[in-house]
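Trainee: Given the coordinates of chain A, assemble chain B onto it according to the supplied hints.
For the record, the sequence lines run as chains A and B.
Here full-length UniProt numbering is used: the first residue of the first sequence is 1, the next is one more, and so on.
Here full-length UniProt numbering is used: the first residue of the second sequence is 1, the next is one more, and so on.
Quick caveat, the hints were computed from the structure, so don't treat them as lab data.
It is possible that part of the hints are untrue.
Note that the list lumps identical chains together, so a pair holds whenever it fits in one copy or between two copies.
Claimed, not checked - Calculated pairs, DSSO-like style, for lysine-lysine (alpha carbon to alpha carbon, straight line, at most 30 Å):
no., residue 1, residue 2
1, 71, 203
2, 204, 71
3, 12, 163
4, 30, 163
2 protein chains.
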Amino acid sequence: MARRHPREMKLKVYADRMSQPSRAVIVFCKVNGIDFEEVRVDISKRQHLTPEFAEINPFAKVPAIVDGRFKLSESHAILIYLACAFPGVPDHWYPADLLRRAKIQSVLDWHHSNLRKGAVGYVLNSTLAPAFGLPLNPEAATKAAEVLSSSLSTIESIWLKGKGHFLLGGFQPTIADLSLVCEIMQLEVLDEKDRDRFLGPHKKVQEWIENTRKATQPHFDEVHKILMKAKMMLQARRTASGKAPLISKI
Amino acid sequence: MARRHPREMKLKVYADRMSQPSRAVIVFCKVNGIDFEEVRVDISKRQHLTPEFAEINPFAKVPAIVDGRFKLSESHAILIYLACAFPGVPDHWYPADLLRRAKIQSVLDWHHSNLRKGAVGYVLNSTLAPAFGLPLNPEAATKAAEVLSSSLSTIESIWLKGKGHFLLGGFQPTIADLSLVCEIMQLEVLDEKDRDRFLGPHKKVQEWIENTRKATQPHFDEVHKILMKAKMMLQARRTASGKAPLISKI
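The shape of chain A in the complex, shown without the other chains:
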């Protein structure tokens, strides 16, 4: 599984730190000492829709990477590739053991149709839509809230069932911990009470978020700074207007 040729050019990571899969990839690179250049693709300025970025990723999404002549999109595929291609990455992130690896893959697949669907659907339709020129959609938000709540229950009762500090009973984080925790972190932009409604009932999920954060410090907090800035701006506007927040630019 080792990489085929020596690395002549620095890895490029095309990302917007307001995107949760972008944050997962950046934290992963930083925690593992991967030498990379972060190229900002500002979604709020529609930079992901330029012809230049289409050359990097025809799907017009972040994150995407370029490693030499090799281009790759989709954050899970990127995390798996980086874990395998960079020899300094500790085994626990994506273990060589076939059975552990299969279980991690299963969590990552589950993530797509459950946690991601619920979290993105809720945060976008209840809070962030105006920042992307879209209307808020309370009906879609209600449906997404159900998926989100159910996904958090599943994480609590199934994926965090073991005695370990991480998913699948692990004592060290895997790429699945990082990917899922970064997804959940976007709930920070919600109204405090609303966020508590989702996370409050799930003590194990809260501990696991904190465990993953601690295991990836100081990079975790540094990469999430932009999200915390957005959170404060939204809180200030809620307090000032007493209405649903509208953010045009973060």
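Mentor: For chain B alone, coordinates are given in the frame of chain A:
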């Protein structure tokens, strides 16, 4: 990546052939001569919701496998596991080469939020919902149709861009070809004109479906027999009633 212990018990595959990821896993096992026992979990009889099946897969979804004491769900994770755990599986299904493998992973991740979302959403809401005790939902079907059309365009223009007969310019199929083609095959239950509306504009997609079918015969057709039976029943009802079909049992 080889399996850690010799196989003492036959692999069990819990599946309903009316589910497209179930079909992908069964075709894969048959094509690769994997010795397995198929355990039917009839979704129309709600057998996936029994306490017995919760012991196999707490997510109550098919397909799921049990290999010795190891349990696994999510069809992509299962296909990757089988390709790695059974030494007789030819390399082309899930190549050891890191770059090829990363690209396959990227297609599989893309599949979740695009082709699967569109195809399942459209077929369920336009045609199959009554078979599961749900109402048809024309509005949801219209939205899903957009995702489906866009996904098929992407397959045609990006994933099938190369000179090969399969995705990513390959000359032999990978697990991504099998997974995506099985997904598209569910469009067979649609009205002929409706199916043509989606597939007609995409000649490369049509050729690729046929290439994947040929590369996995006679198993591909055998495993899809139940779908063809459903297709004929639905056609007969459409002809008889001139209305949207209602199937209670296939």
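Trainee: State for each hint whether it applies.
Mentor: Hints versus structure:
In this assembly of identical chains, the alpha carbons of residue 71 and residue 203 lie at most 30 Å apart only when taken from different copies (27 Å versus 39 Å within one copy). For a Cα distance limit of 30 Å, the shortest separation of residue 204 from residue 71 across copies, 23 Å, qualifies, whereas the shortest one inside one copy, 37 Å, does not. Taking the shortest Cα distances, residue 12 and residue 163 sit within 30 Å of each other only across copies (28 Å), while inside one copy they are farther apart (38 Å). Proximity of residue 30 and residue 163 under a CA criterion of 30 Å is satisfied intra-copy only: 28 Å inside one chain copy versus 38 Å between copies.
Figure legend: structure checked against the earlier numbered hints; every hint is met.
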